[in-house]
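Number 96 in full-length UniProt numbering belongs to position 96 of the sequence shown; there are no gaps in the numbering.
Errors might be hidden in some of the hints.
[What the hints assert, rightly or not] Simulated pairs of lysine-lysine, DSBU-like, Cα-Cα distance not exceeding 30 Å:
1. K97 to K33
2. K33 to K89
3. K25 to K6
Think of the hints as simulated: they come from the structure by calculation, not from any bench.
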Amino acid sequence: MAAEKKFENEIKKFLSELPKTWFYKNWSGPYSKSGIPDIIACVRGTFVAIEVKAPNGRASELQKRNIRLIQESGGVGYILYPKDFSQFKKDMKELIKG
Numbered sequence: 001m002a003a004e005k006k007f008e009n010e011i012k013k014f015l016s017e018l019p020k021t022w023f024y025k026n027w028s029g030p031y032s033k034s035g036i037p038d039i040i041a042c043v044r045g046t047f048v049a050i051e052v053k054a055p056n057g058r059a060s061e062l063q064k065r066n067i068r069l070i071q072e073s074g075g076v077g078y079i080l081y082p083k084d085f086s087q088f089k090k091d092m093k094e095l096i097k098g
């Protein structure tokens, strides 16, 4: 299994165990919009977007722009690498607490 897919599965498992959380895996294809984050979630009423990256992955300029626009719109956006997963989990648990 590719590193990014394995990491994505870890993220989805974590999100599925959080209370008050809904998420959706965005599947890219010929009819989907480019640059949409890999995982879209709602964590205790907060919009969360996650662009999943393998350790050696790089976000495109469009992906960076979309995450920035989500953040500027009041949502929470991540370009998430495995090295940052512990902090991400802490952040999500804080969102749950309110």
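To see whether the hints hold, each was checked on the structure:
1. Taken as a hint, the K97 and K33 pair is broken in the structure, with Cα atoms around 33 Å apart against an allowance of 30 Å.
2. A distance of roughly 28 Å separates the Cα atoms of K33 and K89; the hinted pair therefore holds under the 30 Å criterion.
3. Simply put, K25 and K6 have alpha-carbon atoms about 14 Å apart, close enough for the 30 Å limit, and the pair holds.
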